Every structure is written in C-alpha cells, then in structure tokens.
Amino acid sequence: MFYHRALHSQRKGDMSMKEFLLKIKSYCDNLASCGEAISAHEHITVILNGLSFEYEPIFLIILAGQHAYTVQGVTTMLLDAEARQHVILAETPSSVNLVSQQPAEPNTDTSVPTYRTSNSRGRGRGRSSGDHIQ
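Position one of the sequence shown corresponds to residue 1 (full-length UniProt numbering), numbered consecutively onward.
Careful, some of the hints might be misleading.
Simulated restraints, written as ranges between beta carbons of each label pair [stated by the list, open to error]: (1) Val-87 x Ser-39: 29 to 37 angstroms; (2) Asp-29 x Thr-92: 36 to 44 angstroms; (3) Ser-33 x Glu-54: 30 to 38 angstroms; (4) Glu-54 x Leu-22: 17 to 25 angstroms; (5) Phe-59 x Ile-88: 17 to 25 angstroms; (6) Phe-2 x Leu-22: 14 to 22 angstroms; (7) Leu-89 x Cys-34: 33 to 41 angstroms; (8) Glu-42 x Thr-92: 34 to 42 angstroms; (9) Glu-91 x Asp-29: 33 to 41 angstroms; (10) Asp-29 x Leu-79: 29 to 37 angstroms.
None of these hints come from the bench; they were simulated from the model.
Fair warning: this is a prediction, and the values are worked out from it, not measured in the lab.
Ideal placement from N, C-alpha and C gives every residue a C-beta, glycine not left out.
Let the hints inform the model, and build the full structure from the sequences given.
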C-alpha cells in the first residue's frame with residue numbers, strides 16, 4: 001500500500017529526469033516484488049502525471065499518438081527533451097549577452113504620421129462609396 005501511494009504521488013520537482021524515472025521504476029519494481037505488478041499503461045500514466053508544465057508538449061504527443069507508447073519509448077522521449085532543454089539553456093545566456101551589448105540607436109524620426117481620411121465610416125474594406133457596381 002505504501003509503495004502504491006508513493007508511486008502515484010511522485011513528482012519530478014527539482015530532480016533530474018533520470019533520477020525521477022529511476023525513482024518511479026524503483027517503486028514499480030518494489031510493487032512487483034510484493035505481487036502487485038504495474039502495467040505499462042499505469043507506469044506511463046504515473047510518469048506523465050509527475051511532470052511539470054515544461055513537458056506539456058511531450059505529454060500531448062503521447063496522448064495524441066496513434067499507437068501505444070512503451071515505457072522505454074516514453075523514457076527516451078523525456079530524457080531527450082531534458083537534454084534539449086539543457087542545450088537551449090546553455091545557448092541562451094550567450095545570445096542574451098550579445099543582444100544586451102549592442103548600442104541602442106536613438107530614435108531620430110520626429111515626423112508626425114499622416115493618415116488618409118475616408119468617407120466609408122468603417123463599413124468594411126470594399127469599394128469606396130463612389131464606386132458602385134450596378
């Protein structure tokens with residue numbers, strides 16, 4: 001009973017994806033050793049329920065998929081997604097720094113914008129009032 005409750009209440013939080021997935025697997029293995037084997041569907045559901053909003057796109061791909069995913073397939077997708085997030089985060093500071101170091105150009109355009117007047121009074125974008133087709 002303890003492992004079942006712990007399994008379903010597990011959240012990724014600040015753990016790495018590998019740590020999170022190993023913890024889920026450990027609970028599943030402990031339940032199996034007690035005679036309560038967890039199905040692949042339940043295992044995947046527990047994994048997905050423990051994820052934060054950052055993994056929402058993968059969650060949607062798995063739910064909308066035309067075929068059933070395996071635990072190994074979901075694990076691979078999540079580990080790849082985390083690796084991709086680390087790459088993006090590693091690249092972000094350098095691009096932010098590049099943008100922040102460029103000198104700002106003062107806005108020297110002091111002209112007043114001109115607007116065309118119209119007699120259409122907001123009646124759509126069609127022909128003007130003088131161009132009637134009969």
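So, going through the hints one by one against the coordinates:
no.	hint	in the structure
1	Val-87 x Ser-39: 29 to 37 angstroms	holds, 34 angstroms
2	Asp-29 x Thr-92: 36 to 44 angstroms	holds, 37 angstroms
3	Ser-33 x Glu-54: 30 to 38 angstroms	holds, 32 angstroms
4	Glu-54 x Leu-22: 17 to 25 angstroms	holds, 19 angstroms
5	Phe-59 x Ile-88: 17 to 25 angstroms	holds, 18 angstroms
6	Phe-2 x Leu-22: 14 to 22 angstroms	holds, 18 angstroms
7	Leu-89 x Cys-34: 33 to 41 angstroms	holds, 40 angstroms
8	Glu-42 x Thr-92: 34 to 42 angstroms	holds, 37 angstroms
9	Glu-91 x Asp-29: 33 to 41 angstroms	holds, 37 angstroms
10	Asp-29 x Leu-79: 29 to 37 angstroms	violated, 19 angstroms
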